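Enquirer: Below are the chains, spelled out letter by letter.
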Amino acid sequence: MHIPELGGASDLREFGDEQGTRPAGLPRRDCVKLLGASAALAGMSACVRAPDEEILPFVRASHNLPGVPVHYATSMSLDGFATGLLVESHDGRPTKIEGNPEHPASLGAAGIFEQASVLGLYDPHRLKSPRLASRKPNRPWIDSRPSSWHKFEQAFDNANLPRRVGVRGEGLMLLLEPTASPLTAAMLARVRERFPACRVHFHSLNQNAEQSVASLTGFGEVVLPQYDFRAADVVVSLGADPLGWGPFHLRHAHDFSDRRRRSNRVRLYCAETCPSSTSTLADDRIAVTPSGIARLVAGIYDEVARRRDSDTGKLASSPIDDLNRPTANDRPTLNEREQAWIGRISQALRSAPQSSIVVCDSSQSEAVQLLVHAINFELGNIGSTVWYTRSSIIEAGSRSHQLSSLMEGLGSGEVDTLIVLNGNPAYTLPANADFAARARVVNSSVYLGQFDNETARVSTWQLPATHFLEEWGIECAYNGVQSIVQPLISPLYAGRSVAELLAFIAGVDPGKETNGTVGSAGIPSLGQISGYDLVRAQFFAANSAASRVNSEETWRDAVRRGVVENFSSPRVSVTPRQSEVLSARGLLHRQLAAEAGVRGERPKAVANEVASVELSLQLSRTVHDGRFADNAWLQELPDPITKLTWDNAALMAPGLAAQLRLETGDVATVKSEVGSVEIPVLIVPGHAEDSLTIALGYGREGAEAIARAVGVNANALRSSTSGMNISDAKVSSTGRRVELAITQRHWLVEGRGESILGHAVIARGVEGRGVESSDAEGSGVDQQIGDSLHPVSTKRKSSRRPLTLYEPPTDTKVGVGADQWAMTIDLDQCTGCSACVVACQSENNIPVVGKEDVLKGREMHWIRIDRYLSDDSASRIDVQPMLCQHCEKAPCEYVCPVNATVHSDDGLNEMVYNRCVGTRFCSNNCPYKVRRFNWYEYNGDVSEPGKMQKNPDVTVRARGVMEKCTFCIQRIRRAQREAELAGEPYTGPVQTACQQTCPSQAIVFGSLTSRDSEVAALSELPRAFSALEELGTIPRVRYLSKLKPEEG
Amino acid sequence: MQTGSAIRWKRVTQVPDFVYFNHAMHVTNKVTCETCHGQVSEMAVVRQTRPLTMSWCVDCHRDAEKASVAVTRSHSLTDCTTCHR
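From first to last, the protein sequence lines are chains A and B. Start counting the first sequence at 1; every next residue gets the next number (this note's numbering). Start counting the second sequence at 1049; every next residue gets the next number (this note's numbering).
Bear in mind the hints are in silico, worked out from the structure with no lab data behind them. Since the structure is predicted, the reported quantities are computational estimates derived from the model, not experimental observations. Glycine residues also receive a C-beta, built at the ideal position from the N, C-alpha and C atoms. You may find that some hints are simply not true.
[Claimed, not checked] Dumping the calculated SDA-like pairs for lysine to any residue here, alpha-carbon to alpha-carbon at most 25 Å:
#: 1; chain 1: A; residue 1: 947; chain 2: B; residue 2: 1068
#: 2; chain 1: B; residue 1: 1114; chain 2: A; residue 2: 903
#: 3; chain 1: B; residue 1: 1078; chain 2: A; residue 2: 950
#: 4; chain 1: B; residue 1: 1114; chain 2: A; residue 2: 981
#: 5; chain 1: A; residue 1: 950; chain 2: A; residue 2: 914
#: 6; chain 1: A; residue 1: 950; chain 2: B; residue 2: 1071
#: 7; chain 1: B; residue 1: 1078; chain 2: A; residue 2: 67
#: 8; chain 1: A; residue 1: 950; chain 2: B; residue 2: 1066
#: 9; chain 1: B; residue 1: 1078; chain 2: A; residue 2: 929
#: 10; chain 1: A; residue 1: 950; chain 2: B; residue 2: 1131
#: 11; chain 1: A; residue 1: 929; chain 2: A; residue 2: 954
#: 12; chain 1: A; residue 1: 1044; chain 2: A; residue 2: 1028
#: 13; chain 1: A; residue 1: 671; chain 2: A; residue 2: 734
#: 14; chain 1: A; residue 1: 950; chain 2: B; residue 2: 1069
[As the list claims (entries may be wrong)] Label pairs and their calculated CB-CB ranges:
#: 15; chain 1: A; residue 1: 989; chain 2: B; residue 2: 1109; range: 23 to 29 Å
#: 16; chain 1: A; residue 1: 65; chain 2: B; residue 2: 1078; range: 16 to 22 Å
#: 17; chain 1: A; residue 1: 746; chain 2: B; residue 2: 1099; range: 50 to 56 Å
#: 18; chain 1: B; residue 1: 1074; chain 2: A; residue 2: 744; range: 16 to 22 Å
#: 19; chain 1: A; residue 1: 66; chain 2: B; residue 2: 1078; range: 20 to 26 Å
#: 20; chain 1: B; residue 1: 1111; chain 2: A; residue 2: 54; range: 45 to 51 Å
#: 21; chain 1: A; residue 1: 66; chain 2: B; residue 2: 1099; range: 25 to 31 Å
#: 22; chain 1: B; residue 1: 1064; chain 2: A; residue 2: 526; range: 43 to 49 Å
#: 23; chain 1: A; residue 1: 927; chain 2: B; residue 2: 1088; range: 51 to 57 Å
#: 24; chain 1: B; residue 1: 1109; chain 2: A; residue 2: 924; range: 30 to 36 Å
#: 25; chain 1: B; residue 1: 1074; chain 2: A; residue 2: 566; range: 55 to 61 Å
#: 26; chain 1: A; residue 1: 66; chain 2: B; residue 2: 1064; range: 55 to 61 Å
#: 27; chain 1: B; residue 1: 1071; chain 2: A; residue 2: 1012; range: 30 to 36 Å
[To be verified] From the derived model, a few chain B residues whose C-beta atoms are all more than 12 Å from chain A:
#: 28; residue: 1061
#: 29; residue: 1081
#: 30; residue: 1084
#: 31; residue: 1093
#: 32; residue: 1100
#: 33; residue: 1132
Please model the complete structure; the sequences and the hints are all you need to start from.
Expert: So, in C-alpha cells, the structure goes:
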C-alpha cells in the first residue's frame, strides 16, 4: 500500500536515508497517516463555516480583515466545571486556545487540556454522522451503517419515544457526566417534566463522590471548599495536587505564586504517593502510601484538636463528648518519619493562625475528607483562607451520583432505552461493572459522543456530539461563576450538543417559548431545536428570576466577555458537625487499626518475588480519564514528573524495584482482587515505598487510531467498591521487557547543580522572595528587596556579563535604545505543569513524532521541562523549562555553513528555514540541546482537518530543516507592525505563548532596553543566573534560582 | 458579476509560503502598488513584471534603511525575521 495513493503527499524517507527504507511493521505515524488520508478522501473538503448566529469577539474589532486573527471568549468544561478561554480564530478557523483573563478559573492562563482541545476539534477520528448498529439480541455490536439524524428523530419522535419508554418514562435511563451547567440542569428538569419516572445518572472517573458525601454528612449540605491561596502562609497538601490538578488549579497556582512572590513566610508541605507538580515547589515533602495519607490526616487532626483543647480552656466545655476526645493513647500507628513530619507541620500551622490551607486527595474516604474539613475549622481557616459555596454540580451527593445506584438501574432489566450523553462509561466504569454486557440487555442504547469509542461500539445509535468550539452552552466555574459557551465554527461533522438532544427528548421548543413557559403546541423536530435559542432562553429566564437587567445589551456583554456578570455562588456559612467529625475520626482509627493488623499479618514486602503493595490509581496527568487519548499533543506531552510519553506505567520507588529486581521497562504483573494487568515498570525516585501508582486513561479499545493500544487499561484492577486506592495488590515480574519513551532518563544534575539550577538561600526574616511587583503591596516589598541584597546569599556573581573584548550589542542599525529581547524564568514559581509546552506547540505548528521517534530522542517540542531530583527520595524536585536561550554569543551560529541561523539586531537568534540544508552542526554545537530536527516530513502526516489548526503566521517546516524557539517572533513582529501602522514606535508589551499561558507567571518576556522593563529588573536580581554560564554564551534567557529557606 | 457567479480569481503575483508579506506596512511606508505589481492599469493581461526574488526585496529594504524612508521603525528591515518566521 503506497501512501501517495491514499492522498498523503509526504515523503516517507528519513532525512539522510535516500534508499527510502522504513522500519518494518506499520509504525503509529503511518497508521495515523492512513487514517488521516482516508478521512481527507472521505469528503472533508475543508468547509470552514462560521456559525449562523451572531458570535461576538472578545475585543470589539472595528473590521474583520482576512489574515488578521480575532479572539472570541468561550469556555470549556472538564469534570463538570468551566474554565474561561479566549480562542484565536484565523479566518473562521479556531487555531489556538488561551485563557480568559476575566474568568476566575483562568485569570489568563489555560491548562494543557484546554489548550490541546483545539487539536481535538480537528481530530480525523471523530464520529462524522449518526450510525445505526444492527445486531442480534445479546450479541455484540456487529455492524454499524451510516444513518441520519432524520432517521434517529423518526425512531424517537413524539409517538415512538413514549411507546418505547412508557408514558411516564419508566424505561428511560439517561447517563451523563457530572456537570454544573445550568442549561443542562434546565433541560434535565424538562425531561423529568415529560417523563417523571425516568432514571438519571451521573458518572465519570473523576466524580469525587466521596467529597460530596463527606460534605453532606459533615455540613448537612453539599458544599465545595473554596481556597484563597493569596492569603495562605502555610499550605499542607495531603495527596492532593492543588497547583497542578483540578477545576481551579490554574487559579490556585496563580494565587499561590502571587503570595510566594511577595512573602518568604509561605511554606508548602506535601505528603503524597507519587511526586506531583505541586510538590516541585514543596519546602518539605514526604512520600507515603494512600493509607499513609489517611494516617497523616488522622494524626494532624488529633494534634490540632488536642492543641485547641490545651490552648483554650473554655473550649473544653464545648459539646464534645469527653470520652471521644483524642488522647495520646489512641493515635494511629505512625512511624517515626511520619511522626516527625506531623511535628513540623503542626509547628508551621501553629505559626500561621487562620492563614493556612489543608487540602487532601479527593479519592480518599469520606471520613478522611471530613477530618480535613475539621482540621481547617480547628485552625480557624474557615472564613479567611477557606470558605464554602453550595455545590453547583447537578444533584451532587444524591443517589444519582452513586455508582451502586447506576449498576442497580442498569441491571434491573426495566430499562428499555439507555441514552448516554458524552463520557465513555464502557471504558471508565470498573471492570466488574461490565457496562458492555448490561448495555446489550437494553432494547436500544443511544450514545451521543465525539468518538467511535468503547461506548459507541456497544450502542445501537452512535450520534456525533459537538466539540465545545462548535456549540452554544452555559457553563459554571468551580466558584459558581457562569459563562457562555459560544461556537467559533459550525459543527464540522453534523454534531449536536447534549443540551439540544436533551431538549429533543424533553420536547422543548425554544423558538416558541417566551420567558421559560412550556410550549405545548407539538413536539419540535430536532432540526427546529437550536442551542442558540436554548441558551438565550435560559439566560433571559435566569436573569428574570434573579430580577436583573434583562436586555439585549446584557446578553451581548456576557457573550463577548465570556462571563455572566454577578452570577457566582454565594458563600454559605457552615461548620462541621462535631459529632460527625468525631465519629469519622473513630471510624478512620478503626479502619487504620484494622489495616495495620492486616499489614502485620501480611508477609513483609517481597516473598517469592511477589510484592504485596498498595495501589493508587490516578487519572493520567496528560490524557485525563482517556477522553484525550486520541489527542497526539497530549500523548506526546511528557508527564511533568516521570517524563513518560505515549504510555502509562506502574510507577514505583527504587527500593521496591530493587527488592523485586525490576528495572524501568521491565513488564510486571499487577494483580488486584478483581483483575490483573501486565504493565511496564517505571522507577520514580520519591515515590512511596510499598505502593504503586498507575495512570488510568490508557489502553483504550475504541476505534480512535491514536488512542488505541497506547498503554494498559488499569480499570481492570478496579472494582465497583474499591475506589481509586486499592489496599492490596500483588506485583511480580513477567521477565519481559518493553521500551518506554521517556524524554529525560537521567534525573541527577551530576554535581553541576549550581551551573544548571543556580543556588540561592533566602535568609530568615527577609520579606519578599526577590521578585519585584509594581502594585501597592509590592512596592513595600521592592524597598526591602533592595535591603535584602545582602541577606539573600547567592554563590554566583550577579553580574550579567562576563569579561569580554566585544561591545554589548546595543548599538544597532535601528539605533541605541532599540528593543533587545530577553526572558526570565523564575524557578521559584515554576511547577513544571507543562502548559507552556502545549501553548508553544499550538502557536508554533510543532508536529508530533510518535513513540518510535521519541524513543530516538526526536521529539520536536521547542520548550521542554527538565526535571532534576536531589536523591533517591527526591527530597527536592527541580523543574526547569528549557528553550532556545537566544545566546548573544550563540555557538550554533558559528558552525552553520549556510548562515541559516543568524543573530538579529534586536538580539534574537533567528532560524531561517529556507536556508537550512540540514547539516545539524548547530544542534551538535548547542550546549542546551534545544534545537529540533525534522527527520521526516512530520507535518506531511497531518490529516486534512488537522491542517486547519495550523497557525498561518508561522512556517510549517519541511523535512530536513532545523527548528527551535523563536521567542514567538510572529507575535513580536505583529506588535511592532501594529504600532508602526498606528504611527508610533513600538512600546507595548509582547507576550510569548509560553509566558501568556503560565498559570504561576514564572515566565517574563520583554525588552531589556525599554523603560520600566520588568525583564531587565529581574535579570539583574541577585538570584538571576544563566544556565551553563561558564560557557560564555551569554544567554538572553535568565533563570531566577529557586529559593530555599535558610536552615536552622 | 451580472451572472451572479463568483469571480474566479487567479493569483498572478505570488511569493513562497515562507515569506510573510504585509501590504499595510508597505503602503503606509509609501511603497506604491506599482513598485511590486507594475503598471497593472496598462496591462491587457495582468502579469508579473517584477522578479520578486529575495535579492530584489532586500535591495529595497536596504535602501529604505539607509534613507530612513520609513516613518517609524522598531526593528531592522534586513533581519531575516522581517519576512521569514
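Enquirer: All hints, please: hold or fail.
Expert: The hints, checked one at a time:
Distance check on the hinted pair: residue 947 of chain A and residue 1068 of chain B sit about 19 Å apart at the alpha-carbon level, within 25 Å; holds. For the suggested pair residue 1114 of chain B and residue 903 of chain A, the alpha carbons sit about 20 Å apart, so the restraint of at most 25 Å is met. Taking the CA atoms of residue 1078 of chain B and residue 950 of chain A, the gap is about 32 Å. The hint is violated against a cut of 25 Å. A threshold of 25 Å between alpha carbons decides the hint, and for residue 1114 of chain B with residue 981 of chain A the separation of about 20 Å falls inside it, so the pair holds.
Among the hinted pairs, residue 950 of chain A with residue 914 of chain A is consistent with the structure: their alpha-carbon atoms are about 19 Å apart, no more than 25 Å. With a C-alpha separation of about 22 Å, the suggested pairing of residue 950 of chain A with residue 1071 of chain B holds against the 25 Å cut-off. Using a Cα cut-off of 25 Å, the hinted pair residue 1078 of chain B and residue 67 of chain A holds, with the two alpha carbons roughly 22 Å apart. Using a Cα cut-off of 25 Å, the hinted pair residue 950 of chain A and residue 1066 of chain B holds, with the two alpha carbons roughly 14 Å apart.
With a CA separation close to 44 Å, the supplied pair residue 1078 of chain B and residue 929 of chain A exceeds the 25 Å bound. Using a Cα cut-off of 25 Å, the hinted pair residue 950 of chain A and residue 1131 of chain B holds, with the two alpha carbons roughly 19 Å apart. Between residue 929 of chain A and residue 954 of chain A the alpha-carbon distance is near 22 Å, which keeps this suggested pair within the 25 Å criterion. Restraint check for residue 1044 of chain A and residue 1028 of chain A: the C-alpha separation of about 21 Å stays at or below 25 Å, so the hint holds.
A C-alpha spacing of about 12 Å is found between residue 671 of chain A and residue 734 of chain A, which places the hinted pair at or below 25 Å, so the restraint holds. Distance check on the hinted pair: residue 950 of chain A and residue 1069 of chain B sit about 18 Å apart at the alpha-carbon level, within 25 Å; holds. Roughly 27 Å separates the CB atoms of residue 989 of chain A and residue 1109 of chain B, a value that falls within the hinted 23 to 29 Å. Checked against the given bound of 16 to 22 Å, the beta carbons of residue 65 of chain A and residue 1078 of chain B, roughly 21 Å apart, stay inside it.
Residue 746 of chain A and residue 1099 of chain B have their C-beta atoms about 52 Å apart, which keeps the hinted 50 to 56 Å range intact. Checked against the given bound of 16 to 22 Å, the beta carbons of residue 1074 of chain B and residue 744 of chain A, roughly 46 Å apart, lie outside it. One distance hint, 20 to 26 Å for the beta-carbon pair residue 66 of chain A and residue 1078 of chain B, holds here, with the actual separation near 23 Å. As the Cβ distance of residue 1111 of chain B to residue 54 of chain A is approximately 48 Å, the hint placing it in 45 to 51 Å holds.
Range check, residue 66 of chain A to residue 1099 of chain B: Cβ separation about 26 Å, and the 25 to 31 Å hint holds. Hint check: residue 1064 of chain B to residue 526 of chain A, Cβ distance near 47 Å, so the stated range 43 to 49 Å holds. Distance hint check: the CB atoms of residue 927 of chain A and residue 1088 of chain B are about 52 Å apart, consistent with the given range 51 to 57 Å. A beta carbon spacing of about 33 Å between residue 1109 of chain B and residue 924 of chain A agrees with the range 30 to 36 Å that was offered as a hint.
At roughly 48 Å, the beta carbons of residue 1074 of chain B and residue 566 of chain A sit outside the given window of 55 to 61 Å. Evaluation of the 55 to 61 Å hint for residue 66 of chain A and residue 1064 of chain B yields a failure: the beta carbon distance comes to about 19 Å. In this structure the hint that residue 1071 of chain B and residue 1012 of chain A lie 30 to 36 Å apart at CB holds, the actual value being about 34 Å. Every C-beta of chain A lies more than 12 Å from that of residue 1061 of chain B, the closest at about 16 Å, which supports listing it as non-interface.
Taking the minimum C-beta to C-beta distance to chain A, about 17 Å, the non-interface status of residue 1081 of chain B holds against the 12 Å cut. Listed as outside the interface, residue 1084 of chain B is consistent with that label: its C-beta sits roughly 17 Å from the nearest C-beta of chain A, beyond the 12 Å cut-off. The Cβ of residue 1093 of chain B sits about 26 Å from the closest Cβ of chain A, beyond the 12 Å cut-off, so the non-interface label holds. The beta carbon of residue 1100 of chain B sits about 14 Å from the closest Cβ of chain A, which is more than 12 Å, so the claim that it is off the interface holds.
Non-interface status of residue 1132 of chain B relative to chain A is broken: a Cβ of that chain comes within 12 Å, the nearest being about 6 Å off.
In this structure, the earlier hints numbered 3, 9, 18, 25, 26, 33 are contradicted, and the remaining ones agree with it.
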